[in-house]
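S.K.: Sequence:
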Amino acid sequence: MISVFRPVSDAAAAVYTSNYTSESLTRDVDVKPIHSHNDYWRHRPLFDALSFGCASVEADVWIFDKNYTVEPATTTETTKKFADNQVYVGHNQLYLQPNNTLWSLYLGPIYNLLSSANPAFRYDDGSDQSALLGDTTTKHGLFYNSPETALHLLIDVKTEANSTYAALKTQIQPFIDAQYLTHYDTTQKKWIPGPLTITLSGNQATELVKQESVRYMFLDSPLVNMTANASTEPLQEYSQLAVIASASLEQLVGKNASVATHELGADAKATLQSHFDSAHKLGLKTRIWGGNSWPIHIRDAQMSTLWELGCDLVNADDLEYAAKKF
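Under this note's numbering, residues 1 to 326 are what the sequence shown spells out, in order.
These are computed hints drawn from the structure, not numbers from a lab.
Not one of these hints is a red herring.
Computed spacing ranges between beta-carbons, pair by pair:
(1) 254 x 91: 24 to 32 Å
(2) 321 x 24: 21 to 29 Å
(3) 134 x 254: 48 to 56 Å
(4) 137 x 277: 32 to 40 Å
(5) 174 x 126: 24 to 32 Å
(6) 232 x 211: 20 to 28 Å
Mimicking DSS-like on lysine-lysine, the simulated pairs with C-alpha atoms at most 27 Å apart in a straight line are:
(7) 190 x 210
(8) 269 x 325
(9) 281 x 210
(10) 324 x 269
(11) 158 x 169
These numbers were taken from a predicted model, which means no experiment stands behind them.
All residues carry an ideal CB built from backbone N, CA and C; glycine is no exception.
Given the sequences, and given the hints that come with them, work out the whole structure.
M.R.: Laid out in structure tokens, this is it:
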């Protein structure tokens, strides 16, 4: 379902960021197993999702190897200029807006919110010791009621995988410096949690991710390959390359079952359960996309079934409804 809203402008986004804190957005809001599908279509990208307690948000990204201009077709439109040093957010290239970048809509606001949630506590006498009582090493996350819970940012790469990955590495460097990212140390074979977890879907730079000694961005692993009968050895690698395993509902249960005008049957439920259990054994969270958005009662039944069977991140377009449901 396509939202009629459009993202706020870059200037408005800056105002939103300065007006919000994690407390003002998420106090008394429980974190819910909701993935904000096409989050950038919302009137307030990121902020709407946080205010409803969504555990995951999604942004489609684009980069270009040359600057280019889009000339207006009518006198009511304006010229649009796109730069080769930006990462843009949008569903397709035709409707991209120069102000809607990954940094302006997501990374910038997230960084500011995390910085606000993790201030420095210093004694006035100049002591190196932190004035913060308790744990001083763990970073607080974006959820006021659950600061230990990470937000999942799913970046759906629409352009060439390797060049987009390189551009994203530059964009996330401030988060690395501030120790805000979940990461995996391949030398120590150890996961280090952080308040933001980044997963790449779409065109994935698989080999580049594998080559990293410390991985700060992870692959969206293939849930369709994870079944009770599958050999676990080839899949075990994903426990170090991924945090989430995803598939469309159609991929797992077939087209007829996924678009049916009735609730999922026993066979479909058993198949889904098998995939979810197999992914969980690898330590992965699960996400399903492409379910019914209409009729509403079928959408609602599918959401309930997916959650009951073990889907960790349930795709949602209507966040208000999903937040009430969960």
